[in-house]
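Novice: Chains G and Z, in that order, are what the protein sequence lines are. Its first residue numbered 1, the first sequence is counted upward by one per residue in this note's numbering. Its first residue numbered 623, the second sequence is counted upward by one per residue in this note's numbering.
Be aware that one or more of the hints could be misleading.
As the list claims (entries may be wrong) - Between beta-carbon pairs, the in silico distance windows are:
id : chain 1 : residue 1 : chain 2 : residue 2 : range
1  : G       : Gly121    : Z       : Asp1065   : 19 to 27 Å
2  : Z       : Gly938    : G       : Gln362    : 48 to 56 Å
3  : Z       : Gly1270   : G       : Val168    : 53 to 61 Å
Stated by the list, open to error - Straight-line C-alpha distance at most 27 Å; calculated BS3-like pairs for lysine-lysine:
id : chain 1 : residue 1 : chain 2 : residue 2
4  : G       : Lys233    : G       : Lys119
5  : Z       : Lys1244   : Z       : Lys1305
6  : Z       : Lys1045   : G       : Lys203
7  : Z       : Lys1244   : G       : Lys119
8  : Z       : Lys1210   : Z       : Lys1131
9  : Z       : Lys967    : Z       : Lys928
10 : Z       : Lys1045   : Z       : Lys1210
11 : G       : Lys14     : Z       : Lys1045
12 : Z       : Lys967    : G       : Lys233
13 : Z       : Lys1210   : Z       : Lys967
14 : Z       : Lys1018   : G       : Lys516
15 : Z       : Lys1210   : Z       : Lys1253
16 : Z       : Lys1253   : Z       : Lys1305
17 : Z       : Lys987    : Z       : Lys1045
18 : Z       : Lys1210   : G       : Lys14
19 : Z       : Lys1131   : G       : Lys14
20 : G       : Lys14     : G       : Lys119
21 : G       : Lys166    : G       : Lys119
22 : G       : Lys600    : G       : Lys262
23 : Z       : Lys1253   : Z       : Lys928
24 : G       : Lys266    : G       : Lys203
25 : Z       : Lys1253   : G       : Lys233
26 : Z       : Lys1253   : Z       : Lys1027
27 : Z       : Lys1210   : Z       : Lys1123
To be clear, the hints were calculated from the coordinates, so they are not data collected in a lab. Ideal Cβ positions, reconstructed from N, Cα and C, are used throughout, including at glycine.
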Amino acid sequence: MTARIIETSSTPFKRVEVDTVTVDIIENALRNARVEMDAVLFRTAMSPGIREQGDCFPMIANRDGKMVVGQFGSFIYGFMEAYEGELEEGDIILTNDPYMCNAAVSHLPDWTILVPIFKDGRHMAWAAMFGHMSDNGGMVPGSIPIGADSIYQEGIRIPPTKLYKKGVLQSDLLELILHNVRTSNWNRFDLNALVAACNTAAKRCAEMAERFGDDIFYSTMEIMLERNHMAMKAIIEMIVPEQPRVFEDYVCDDGVGMGPYKIRCKLWREGSTAIFDFEGTDPQAASSINFYLNEDMFKMFFGSFTINLIDPQILFNDGFYDLVDVRIPQGTLLKPNFPAALSGRTHALGRIFDVMGGLLGQSAPDAMNAAGFSDSPHLFYSGYDDNGEWFQLFQIGFGGIPGRPVGDGPDGHSLWPGFTNVPNEFIEAYFPLRVESYVTIPDSGGAGLHRGGNGLTVAYRFLANGTISVHDDRWLTYPWGVRGGQPGMRSTKRLVCADGSEQWLPAKCENIRVKKGDLLYFNTWGGGGWGDPYEREADLVRADVARHLVSVDGARCYGVVIDTDGNVDTAATTTLRDQLREERGEIELFDFGGSIEEIKSRCKADTHLEPPTTPTFAHTTG
Amino acid sequence: MSYRLGVDVGGTFTDLLLINEQSGQTYTAKVPSTPEDSSIGVLNGVARICSESGTDPHSIRRVMHGSTVATNSVLTGKGAVVGLLTTRGFRQVLQVARSFCPGGLGGWVSYVKKPLLAPLELTIEADERMAADGSVVSALNTQSLRDELQQLRDTGRVEALTICFINAYMNGRHEQQAREIAAEVFGDVPISISSEVVPEMQEYERTETTVVNSYVAPEVASYIRNLQSSLMEHMGEGLQLSILRSDGGLASSRAAAESPVNMLMSGPAGGVAGATYFSHRAGYDNVLTFDMGGTSTDVALIQDSKARIRRETRVGDVTVRAPSVDVRTVGAGGGSIAFVPEFTKALRVGPQSAGAVPGPAAYMKGGTEPTVCDANVVLGYLPSDVQLGGEMAIDKLAAEAAVQKIADAIGIDLMEAAEGIIKIVNESMFGALRLVSVEQGFDPRDFALVAFGGAGPLHGNAMGELTQSWPVIIPPGPGVLCAYGDATTRVQDEAARTYVKRADQLEAKDLLRDLEQLRIRASASLDADGIPAHQQEVTYQADIRYIGQAFQISMEFDRDELLENGLEMLTRRFDEEHEQLFTFALGKDHELVMIRAIVQASATKIDEVKVGERGAGLEDCKLHESRFYYKGEWHDAIIYDRAPLHSGLVIPGPSIISEMDSTTVILPGYAATVDAVGNLLIKPAYPAEERQ
């Protein structure tokens, strides 16, 4: 560790006995403080990305930087490793550079604020939060250039830097940074909001320590981590088998013509330790789809995911980290060499969750969900409106939640925690466009005993000339189904120009010029189906048809025949189901919709787009 | 002689308060609620209170009513079958909602979405479009609409209809046209249109709110109709029935039936109004209210005797855009169940509740799970050794057996477990009090705490310790406080619209002109109820934010202020308040998001009866000797009867004060006095440094 923290009091914190009830009270208070961080941020942030969509993540960590409450895991350890310098009370750190903080954040638009919390001269805890800024400068509005071949093209890089020194804002520095982004006013406000949220957490921690005693507060954080360790140990021993399991999934393409890229992971358990080994994952890409994955962050994904699966009551934090061993080979898509571009990491990030689901599901099929954590599609639209004012819209799209043991996947919902869509009326009031439809795509959710959620089709009518960029995935490979469930429909983008011409846009494209009157259909993926669709109650299928969620043709994927009055034709349904069962034969655990070769060979016919070429890895250096 | 009657219908009891408008004399009654038809319970109560007080029902002029009929309709999912008409392309606005899955990372794994209040199979689309500025993009296609509506009608299922078009908050003309056609097609099915119910931006929230209005409308309308006619039978044709709105104002029965979405929080609003009434009379205008019931606890912050109003109402999973008293609810109450999760061995309390059935173990109705109530019994706060005013018999052994399960699971002793349960539940209620105070920039130490509801007085002193809000006020009849609130509020209505204009591009006179139009709309319902213009008090509000911000603050002002000081007064006050909340202000780029006119009928004064010093000594009020457990030790405590207590007495802790429907605990180191209007005021008996 190279960062040094200056404390004016040298009295060490003492580990003391704390009764259960006090631990629970402090735990509750810490959870509340975390919720309050979000509340402060949402109320004061300004960009639609943060305030409407909630693209931001808070945490409170103990003195050592281990996250005690939060959701995306601690990035403090990485920072402490990388930061060369001293920290004292009143200092606030800003950074956005994955390469300078051991991938504590994974791309430049995620600006991170770190606040060391002091009380009576002693460093007691940390508060931190990152938020996705609307712009970070660089090649393209929104700062996620697909075609970038190095991080230098992705906008301003902020190494861990003191934004405040001893409580004083370094305004020269701030102005220098804001000078480099297209949306300086939004960023200024959002940054201010991140700082305000962290300061709130700092204040609450100090209040708690005051109320219960410093040593009790300190010890309680330790105990909370131990509680989590205890729970996760039991869970790991329960769900991770000793014999290895392997799962492979793909990022469809790199936006510059090659794909798909393989992510491969092997999972097994040795004693109480779960080992995730990514050996066999493809080398890094030449474009920006690399996802520099912090090992600790992956552990957190694993912990959060399994706790939600097993018992959401368990408080989830960094306590279990030594129970998980993550091995990511250098130079791969998940640990690229500097200065590989990283801004388009959202695709691989989403895919990591599918890989985890596929791995864990093999040993616990009852608890397995279908694939659907497919992506987090982005749309950028920018230009000058009729009044000559610059506008820049960044929208995150949502698709279908996969079919799950608990039931059907919700239609057009978010897999990311805390995210919401932006009201269309808000968009229309502030940006030169009109949303002409906002509905789910019938049949896009994979058929299953539990249906995958439908994707959305959003029709954007542009009311000003400008440029758009699209970032999406799962256009080539399918959101897979499980246990007999069928794959979900893939994503598509269709641009209908005012002059009547029409084109299918690739899933990843940028700087596409659009004219006033052009119409973009932005269609997201549907979730994979779960379980045997021929076992789904026919009346549920009928109801989905009546609700326009499944078409009459689509009902046949469930083996259900709907007559012209909208009722189930029982006899025809029985016959069709028998026939389909016969054709299908044995149910396999996964349905990927075919091999990569098969999918590629019918790519043009299915998607109107040429298949990507198999990646070659010229850029990789050891 | 004229009387007004406050009636609060709760889940278990119907509370009534009769006030003599000339003398201020009050009478209270409590009768069982009759959930199958609440008006029966109300009439039973009226009969009881009139006979006990010797009042002629015909001398009751006004009945003010807090009702949970709309709330229950939502909570039990038994509202009307709602048909929905949207703009083409938006039929699934409720299905997709805001795309939000609760529960953090991986929360989608276990999220189960509730059925829509307007089913998709009964949702149709109209060809029409308004732009965001309210201009017409394409006109309403009336012919295709009529066909679609006829098909919808022919399903035979639609009991209420909602119309919500995109951007109708800027221009409601298409919605009005569609309503005319729908009325022709559907006859007397009630129709709600979004531009009238809630002309605010955000299509999902506006649709949901309007649908909820439709969802509860038929039941509320028939309830009000029945109640009104049966009350009139007993009290005469001149009777005026008013319903308490979520925002604490009263609406005439007619206005309430038209816009029932505004009465979802009628119940809690009554409690807050009652608490405000008593604390104001005790001389405390800044208070935190703490209403602890069986399954949940409601808290609110009152400043200058005014509750803060939130532009959003939440009932169960349903959130609507309707103004309500800013009451925060936590799932912690007397019936909350304590448990110890297997993996972490932590102690958790709630949100699961034992409810009325099977109830806490101590009540012997079949419950065996340890509840907060059981912990109170084990600790001696709810005495089991004497039969108090309440009707519930208490089985201490059953309570101990239940709490022992917690003790065994953690490996601590019984008393420690019981005290732990109380501490945890207090902490989670403290969390709610922090939400309304600290997190809004208020220091709870500047406030008094009013504790009421079934369990509020039991926990009030302990909550005061946590918040340091003194005194803790226990109003008289803490169980019938809502009825006081109902009886002491005023008729009110409001009209609002989304505005979205920059302050620096707006003239005060234009703003006033727009506000005046809203004022006319808001006055309409008071006019219709025969309240003359000179008895209508008008307040204006503008919701202001910095352009692009999600958060907004309602600034209140009147016509004269605005004329005199201009818009700058508003933006300056906004900056000040923003600074208080978030430690910074921008000083520019202000935007008026919403504007609103609120019209209130002038207050009619009620005289009050003072509780004088009476002859009884403290010894005369003593019921029994008992003991309770506090901070790891047993303390001898005397149980007093509340009724004879008066302002000449000081009741030192540790003690317990008992009355018909509630029990107040005074902890060691604290003492209570009685004020002139009958409140118990609990304060520290010694300066802070001498207390533990």
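Novice: Against this structure, judge whether each hint is valid.
Specialist: Tested hints:
At roughly 26 Å, the beta carbons of G/Gly121 and Z/Asp1065 sit within the given window of 19 to 27 Å. Range check, Z/Gly938 to G/Gln362: Cβ separation about 38 Å, and the 48 to 56 Å hint is violated. One distance hint, 53 to 61 Å for the beta-carbon pair Z/Gly1270 and G/Val168, holds here, with the actual separation near 59 Å. For the given pair, G/Lys233 sits about 33 Å from G/Lys119 by alpha-carbon distance, which is inconsistent with the 27 Å threshold.
In summary, the hint linking Z/Lys1244 to Z/Lys1305 is supported, as the alpha carbons are separated by about 20 Å, within the 27 Å threshold. The suggested pairing of Z/Lys1045 with G/Lys203 holds, with an alpha-carbon distance near 23 Å, which does not exceed 27 Å. Only pairs whose Cα atoms come within 27 Å are accepted, and Z/Lys1244 paired with G/Lys119 is rejected, the gap being roughly 49 Å. The suggested pairing of Z/Lys1210 with Z/Lys1131 holds, with an alpha-carbon distance near 21 Å, which does not exceed 27 Å.
With a C-alpha separation of about 43 Å, the suggested pairing of Z/Lys967 with Z/Lys928 is violated against the 27 Å cut-off. For the suggested pair Z/Lys1045 and Z/Lys1210, the alpha carbons sit about 46 Å apart, so the restraint of at most 27 Å is broken. The straight-line distance between the Cα atoms of G/Lys14 and Z/Lys1045 is roughly 25 Å, inside the 27 Å bound, and the hint therefore holds. For the hint linking Z/Lys967 to G/Lys233, the alpha-carbon distance of about 14 Å falls within 27 Å, and the restraint holds.
Taking the CA atoms of Z/Lys1210 and Z/Lys967, the gap is near 52 Å; set against the 27 Å cutoff, the hint is violated. At roughly 76 Å between alpha-carbon atoms, Z/Lys1018 and G/Lys516 are farther apart than 27 Å, so this suggested pair is violated. For the given pair, Z/Lys1210 sits about 53 Å from Z/Lys1253 by alpha-carbon distance, which is inconsistent with the 27 Å threshold. With a CA separation close to 18 Å, the supplied pair Z/Lys1253 and Z/Lys1305 stays within the 27 Å bound.
A threshold of 27 Å between alpha carbons decides the hint, and for Z/Lys987 with Z/Lys1045 the separation of about 26 Å falls inside it, so the pair holds. Under the criterion of a C-alpha separation no larger than 27 Å, the hint pairing Z/Lys1210 with G/Lys14 is inconsistent with the structure, at around 49 Å. Using a Cα cut-off of 27 Å, the hinted pair Z/Lys1131 and G/Lys14 is violated, with the two alpha carbons roughly 65 Å apart. Between the alpha carbons of G/Lys14 and G/Lys119 the distance comes to roughly 15 Å, so the proposed pair stays at or under 27 Å and holds.
A threshold of 27 Å between alpha carbons decides the hint, and for G/Lys166 with G/Lys119 the separation of about 14 Å falls inside it, so the pair holds. With a CA separation close to 15 Å, the supplied pair G/Lys600 and G/Lys262 stays within the 27 Å bound. Between Z/Lys1253 and Z/Lys928, the direct Cα distance comes to roughly 36 Å. Violation of the 27 Å bound is thereby established for this hinted pair. Note on G/Lys266 and G/Lys203: the hinted pairing is violated, with a Cα-Cα distance of about 43 Å set against a maximum of 27 Å.
The suggested pairing of Z/Lys1253 with G/Lys233 is violated, with an alpha-carbon distance near 35 Å, which exceeds 27 Å. For the hint pairing Z/Lys1253 with Z/Lys1027, the CA-to-CA distance comes to about 21 Å; that is within 27 Å, so the pair holds. Restraint check for Z/Lys1210 and Z/Lys1123: the C-alpha separation of about 13 Å stays at or below 27 Å, so the hint holds.
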